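Colleague: Chain by chain, the residues run as shown.
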Amino acid sequence: QKEVEQDPGPLSVPEGAIVSLNCTYSNSAFQYFMWYRQYSRKGPELLMYTYSSGNKEDGRFTAQVDKSSKYISLFIRDSQPSDSATYLCAMNKNTDKLIFGTGTRLQVFP
Amino acid sequence: DTGVSQNPRHKITKRGQNVTFRCDPISEHNRLYWYRQTLGQGPEFLTYFQNEAQLEKSRLLSDRFSAERPKGSFSTLEIQRTEQGDSAMYLCAPQDRGSATGELFFGEGSRLTVL
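Protein chains in written order, with our numbering: chain R, 130 to 239; chain F, 34 to 148.
Don't read these hints as lab results, they were simulated from the structure. Nothing here was measured: the structure is a model prediction, and the numbers come from that model. Ideal placement from N, C-alpha and C gives every residue a C-beta, glycine not left out. Each hint can be trusted.
Covered stretches of chain F (chain R as the covering partner; in silico rule of three or more C-beta atoms under 8 Å from a C-beta of chain R):
1) 73-82
2) 136-148
With a cut-off of at most 27 Å between alpha-carbon atoms, the simulated DSS-like pairs for lysine-lysine come out as follows:
3) F/Lys-44 with R/Lys-171
4) R/Lys-131 with F/Lys-90
5) R/Lys-171 with F/Lys-47
6) R/Lys-199 with R/Lys-185
7) R/Lys-171 with R/Lys-131
8) R/Lys-196 with R/Lys-185
9) R/Lys-131 with R/Lys-199
10) R/Lys-171 with R/Lys-185
11) R/Lys-222 with F/Lys-90
12) R/Lys-171 with F/Lys-90
13) R/Lys-131 with R/Lys-222
14) F/Lys-90 with F/Lys-44
Anything over 10 Å on all C-beta distances counts as not near chain R; from chain F, calculated:
15) Thr-46
16) Arg-48
17) Thr-53
18) Asp-57
19) Ile-59
20) Ser-60
21) Glu-101
22) Pro-103
23) Thr-109
24) Arg-114
Isolated chain R, as found in the complex:
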């Protein structure tokens, strides 16, 4: 079993939809949780990070962490075609190496 599980998709939604992306994990020692966006043939770009449980909002993006369920989510409101990319969750304990999910490919069609 992988430490971090993520549905690979693809997830296809119409423009303007609310998108929900999720990851589960098995290591209860993880404390820092991040979401990266990756366009085709590019490196991953950090979108958001959160510490421990709770919510964090940044524009159209909201990250949620539920440590009791070992479950994290990224919500995208008013999705745009430019949001079409692969979204990777990543996590670590302290400042240790990041462990990534497989990524979910998102397609937002006009």
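Place chain F on chain R using the hints.
Modeller: Showing chain F alone in chain R's frame:
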């Protein structure tokens, strides 16, 4: 601007050849990480440096792989006797000195295709 330059961006080589990738952070960072990403997968940790010292190596890093960071700034990753299974994107990520969370800022990557 990702803050890190990786070269070459794409390398096509024949099986059995050696290849070397270079990572140049724009500013000083005490830690530098290498990850590998194959198609349809997330990045997987390979190794990391604290200044010049290589502190951890993944079991993915076979003896055909070697990484260096001679002056604590740029880093190189060499793969000897390449195999088709080495085809992947190789990502470099410096870590900010004052990072309290360990977030990484990746370069654009070096894509390797082994024929």
